[in-house]
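Start from chain A and add chain B according to the hints.
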Amino acid sequence: MCDEKQSDEDLAGKLPDELNRFANELGLFRVRASRVDRDQLLFEAGWAAVPQNPLQTAVVAARTLRRWQLATLSSSTAAVLLCALLLMVLADRRSSDGPLAKTTNGSLQNVRSMSGSKSSIEVRQTVPDKKSIDRDGTSRDSELSTAVAGRRVEVSRFQAMQLALVRSIDSKFDDAEIWPGRVTTTASGFDQTSLREEPLRPYSLMKGENSQRMIDALTEESRL
Amino acid sequence: MANGFDAAWIASVFDEHAAALELFAAQWTDLPEDCVQEAMLELSRQPVRPDHVAGWLFHVVRLRAISSHRSASRRRCHEALAGRLRQVSVEGCEPRFDADELAIALDSLDDDSRQAVIARTWGELEFVEIGELLGVSASTAFRRYEAGLAALRTKLETICVTKNNRTKTSQGNCPTS
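The listed protein sequences correspond, in order, to chains A and B. For the first sequence, position 104 (counting from the first letter as 1) is numbered 94 according to our numbering, and the numbering increases by one without interruption. For the second sequence, position 54 (counting from the first letter as 1) is numbered 57 according to our numbering, and the numbering increases by one without interruption.
Next comes chain B alone, as it looks inside the complex:
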């Protein structure tokens, strides 16, 4: 019997996808953990495992996060996104921006682009799955991802320029946004 429930499997799915799902849900709600929790429970109740588990989870989390939208202020949305991003140190490869700045830039994107960027970059979904998530074709999902990346890059460059100017002016540490 193709039973969807298996505790070890649920645990591994959670370990693999929960963090990205929380980041994804944080776009709309200030309680993304609840959305992820409910989606995982719903997954555990499925009689048959979905073909694309990650895509299925992103879809359910998205619906739940949108429906439980608690009119979180933009500031709280920045914080929710920033709180779930952690910069890792890789020798010789230092990002030019920090998690706060990235969160602000992400938040400035339009919904479709932001969803595509998060789902692709941190959710590691394929464009076909992103297309299903957003209700568009894979090609359209790719275009939204590409546009989102370009907009994000421009926004972060602007932030970096502003930050550098402030640093020069204050001749001290660069303040975070």
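If we strip away everything but chain A, and leave its shape as in the complex, we get:
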């Protein structure tokens, strides 16, 4: 490296004086780039980096499972759920430009809108299909009682797990801890979840506004 620098200086020293002065004159012109592109780059670079580390995704999912305190689930069911969540995340990332922005997964879309909206109407539309619950291997008694904007709705455990995962991902871009004290285990062995009421910000807005926050979050992420 030192040799290269020396050789660079040697070569630069060979430049005739008039060309050197002209080069300095060219130096009076600066180049400029757009700040908007910088924000977009950081946004995309962050999301491009996430699937590079499958272990990290697994850690997020495992953390989610722990948070739900799988009291009534056997370890094999937990493993199945973990695999399903991982596949869901990977499939979603492959099928969309941005994170969960253009998901084709209907139930995930519902969960997403539920997590980001104060509207109880949207929430009421997410009442699970009982058949799909059975197909997922989750029994009827695994339904969760969830309160949103003062209303109680029924969601399946699987949907709740999706919601938890989505929120874990969202938490990378949010100052607030997503689940502090939100999940409690009831005497019946199940969770009662009160969803946060403030809406998540649209990603399009985050692109323009949150680059510094994103830098901090991703830097922290890369340390893990």
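Keep in mind the hints are simulated off the structure, nothing from the lab. Idealized CB from N, CA, C, for every residue including glycine. Just to be clear, a hint being listed does not mean it is correct.
Said to hold, decoys possible - Over the 12 angstroms line for every Cβ pair with chain B, so calculated as not near, a few chain A residues:
1. 16
2. 72
3. 80
Stated by the list, open to error - Going by beta-carbon spacing under 8 angstroms, a handful of chain A positions derived as facing chain B:
4. 3
5. 5
6. 70
7. 74
For chain B alone, coordinates are given in the frame of chain A:
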């Protein structure tokens, strides 16, 4: 683990090199921002950081810009170059030409010389890195840079003479090219 990805590092690299990279890509494409964006994303996906980041970025941007060549007209190429150059005012040191004229003169250079001049002047690459970029030795890169500077200077002098003559003829403001 030598992980190439680090958001703060990517941001600093972008701040340092993006403008020059866009100017460099504008030689071939009318969408240089896209090339730079893609190159930076590619950098963020690298498992290991390149030894010479600037040289690596110029190399990737060059490949992308050439491959995405959209047959931009020469006029648009002038505009792309001129739009990314901004004259700074330094007291007692005024350039004899403006950004438009510089862009036209740059565009008139042969490809190799123009790449060497832009990479050296605004990209601040070393001759070794320019050599790697162009696939030649450092000495050859220097000769191309030197020839490019000389040609650019001659071209700009011609433009300035023409401009002065027009100014005298019209006895008014000097029209920009």
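Against the structure, the hints come out as follows:
Taking the minimum C-beta to C-beta distance to chain B, about 5 angstroms, the non-interface status of residue 16 of chain A is violated against the 12 angstroms cut. No Cβ of chain B comes within 12 angstroms of the Cβ of residue 72 of chain A; the nearest lies about 25 angstroms off, and the non-interface call holds. Under the 12 angstroms C-beta cut-off, the non-interface status given to residue 80 of chain A relative to chain B holds; the minimum distance is some 17 angstroms. Evaluation of the residue 3 of chain A hint against chain B yields a violated restraint, the C-beta minimum of about 10 angstroms exceeding 8 angstroms.
The closest approach between the C-beta of residue 5 of chain A and any C-beta of chain B is roughly 6 angstroms, which is under the 8 angstroms cut-off, so the hint is satisfied. Of the supplied interface hints, the one on residue 70 of chain A is violated, with its beta-carbon coming no nearer than about 31 angstroms to a beta-carbon of chain B, more than 8 angstroms. Interface hint at residue 74 of chain A: violated, since its Cβ lies 27 angstroms from the closest Cβ of chain B, which is beyond the 8 angstroms cut-off.
Of the numbered hints given earlier, the model fails hints 1, 4, 6 and 7; all others are met.
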